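A.B. asks: Go by the hints and put chain B onto chain A.
Number of protein chains: 2
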Amino acid sequence: MANGKLIVVGLGPGGAHDMSRRARTAVESCDLIAGYTVYVDLLRDEFPDKQVVTTPMRKEVERCRVALDEAAQGRTVAMVCSGDPGVYGMAGLIYELAQEYPPIAIEVIPGVSAANGGAAVLGAPLMHDYCVISLSDLLTPWEKIEKRLVAAAEADFVMALYNPSSHKRPDYLKRACDILLAHKDPSTVCGTVRNIGREGEEAHVMTLAELRDTQVDMFTTVFIGNSQTMELDGRMVTPRGYLQRED
Amino acid sequence: MANGKLIVVGLGPGGAHDMSRRARTAVESCDLIAGYTVYVDLLRDEFPDKQVVTTPMRKEVERCRVALDEAAQGRTVAMVCSGDPGVYGMAGLIYELAQEYPPIAIEVIPGVSAANGGAAVLGAPLMHDYCVISLSDLLTPWEKIEKRLVAAAEADFVMALYNPSSHKRPDYLKRACDILLAHKDPSTVCGTVRNIGREGEEAHVMTLAELRDTQVDMFTTVFIGNSQTMELDGRMVTPRGYLQRED
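Those protein sequence lines, which keep their order, are chains A and B. Taking this note's numbering, the leading residue of the first sequence gets 83, the next gets one more, and so forth. Taking this note's numbering, the leading residue of the second sequence gets 83, the next gets one more, and so forth.
The hints are simulated quantities; they were obtained by calculation from the structure and are not laboratory data. Wrong hints could be hidden among the right ones.
Incomplete in silico selection of chain A near chain B, CB under 10 Å [as the list claims (entries may be wrong)]:
| hint | residue |
| --- | --- |
| 1 | Met172 |
| 2 | Glu178 |
| 3 | Val190 |
| 4 | Pro192 |
| 5 | Met312 |
| 6 | Val319 |
| 7 | Gln326 |
Capping the alpha-carbon separation at 30 Å, the derived lysine-lysine pairs in BS3-like fashion look like this [claimed, not checked]:
| hint | chain 1 | residue 1 | chain 2 | residue 2 |
| --- | --- | --- | --- | --- |
| 8 | B | Lys226 | A | Lys256 |
| 9 | B | Lys87 | B | Lys226 |
| 10 | B | Lys256 | B | Lys229 |
| 11 | A | Lys226 | B | Lys226 |
| 12 | B | Lys226 | B | Lys250 |
| 13 | B | Lys256 | B | Lys226 |
| 14 | B | Lys256 | B | Lys87 |
| 15 | A | Lys256 | A | Lys226 |
| 16 | B | Lys141 | B | Lys87 |
| 17 | A | Lys229 | B | Lys226 |
| 18 | A | Lys229 | B | Lys229 |
| 19 | B | Lys229 | A | Lys226 |
| 20 | A | Lys226 | A | Lys250 |
| 21 | B | Lys250 | B | Lys229 |
| 22 | B | Lys141 | B | Lys250 |
| 23 | A | Lys87 | A | Lys141 |
| 24 | A | Lys141 | A | Lys226 |
| 25 | A | Lys250 | A | Lys132 |
| 26 | A | Lys229 | A | Lys250 |
| 27 | A | Lys87 | A | Lys132 |
| 28 | A | Lys141 | A | Lys229 |
| 29 | A | Lys226 | B | Lys141 |
| 30 | A | Lys229 | B | Lys256 |
| 31 | A | Lys256 | B | Lys141 |
Have a look at the derived ranges for each label pair, beta carbon to beta carbon [to be verified]:
| hint | chain 1 | residue 1 | chain 2 | residue 2 | range |
| --- | --- | --- | --- | --- | --- |
| 32 | A | Gln310 | B | Glu189 | 20 to 30 Å |
| 33 | B | Pro130 | A | Gly316 | 34 to 44 Å |
| 34 | B | Ala187 | A | Thr289 | 23 to 33 Å |
In this text the structure is predicted, and so the values were computed from the model without any measurement. Here a beta-carbon is modelled for each residue, glycine too, at the ideal position from N, C-alpha and C.
Pulled out of the complex, with its shape left as it was, chain A reads as follows:
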């Protein structure tokens, strides 16, 4: 029996209209679409005839095993992920688990990440060196997250913060802001974007001091400016330095 193929496909933040042609072609040509229920549902209208297999939230290992099992049986499986599968997505876990299987061809098709997608909604906050940090301590000790926040603040990186809140940790963004405020000016320009590229998309620009007292949810990505980041006509913009060089 021929070995199959597993293509890990990034949908971008908004689903179908954010997909690249490469991503679309991969989904069109697969035997089976696998993934988290919410993301697979984004594609049902566009690919109504495709067989799908879905798994619920938090079942990441099971979700990847289902996809690898199907590929090991000779099928071409498209595992779909929101945003970029290589950023807190399933790409790494697929490679790790594939070690337990006979050789399967694996390909990752990147998508626009929430960091890049959210930045475009806010303006242009990531124009200079930046860090992407998840505030979730489900898989990472909080001490490590804290250390990274301090390092990013001290070296004046722009930051994109994933998983800034959840039901079990509603105050994590506040904790993060308190850490940042020890190293950054309270007037630092920050932004939040909720439901990037989807219905109900919502963006706000504010200071770090204001962000500290803002309640966000798990569908929000948070942006912390560097010392140069400005608010221009309601947009969050970090200069790259072209005009400053001209001066």
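C.D. replies: Chain B alone, transformed into the frame defined by chain A:
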């Protein structure tokens, strides 16, 4: 006269087949395509009838002014950028320069950045908290770059390094590696990707010690692993921690 619109469009790393439907629609519906000659050329086959205005390398301010001038005259201009226009691209400069013009509607359509596109070629290196750092000191003092490299190493971020080399600074990657080697294990898994998504795409996985003695060019993006990053069957993979949690 009605004010026009300026849409800053990310093409993704490889050009036309990496564009999202949103990006494609924007280019289809514009009056004029503007941008750096090389990127505009990527689109000529697909959009042969579009009027274009191109500017050579390094003329970033002029390029943005040309696009803003056209938009100010009531036209809808698509300014195209390789990768994501919000990452070392033109999005920020457009917002800055737009301050000198009457109100123009500006929209940014994100694309897959070189960091995310290159990561997908290498495997899954950016699965945990990461930094994006440009080694170019044309607009940023080297001392600041050095400080960010040290901070990223000490806090064990994965790193994606842009502009690792040029004719005028062929040894910058070596200098960066020497800084990193003071804080990271020489066996740290690293990777390089050249011509991401284009003809001649080429990827290599190696140790940090080997990377120090590797000559790369300006078409290469460099990835530095964190302490957990592994080489799995020739791929560069950073675990997120799902399996480690199960143990």
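A.B. asks: Quick one: which hint numbers does this structure break? Sort them smallest to largest.
C.D. replies: The structure conflicts with hints 9, 14, 25, 29 and 31, although it agrees with all the remaining ones.
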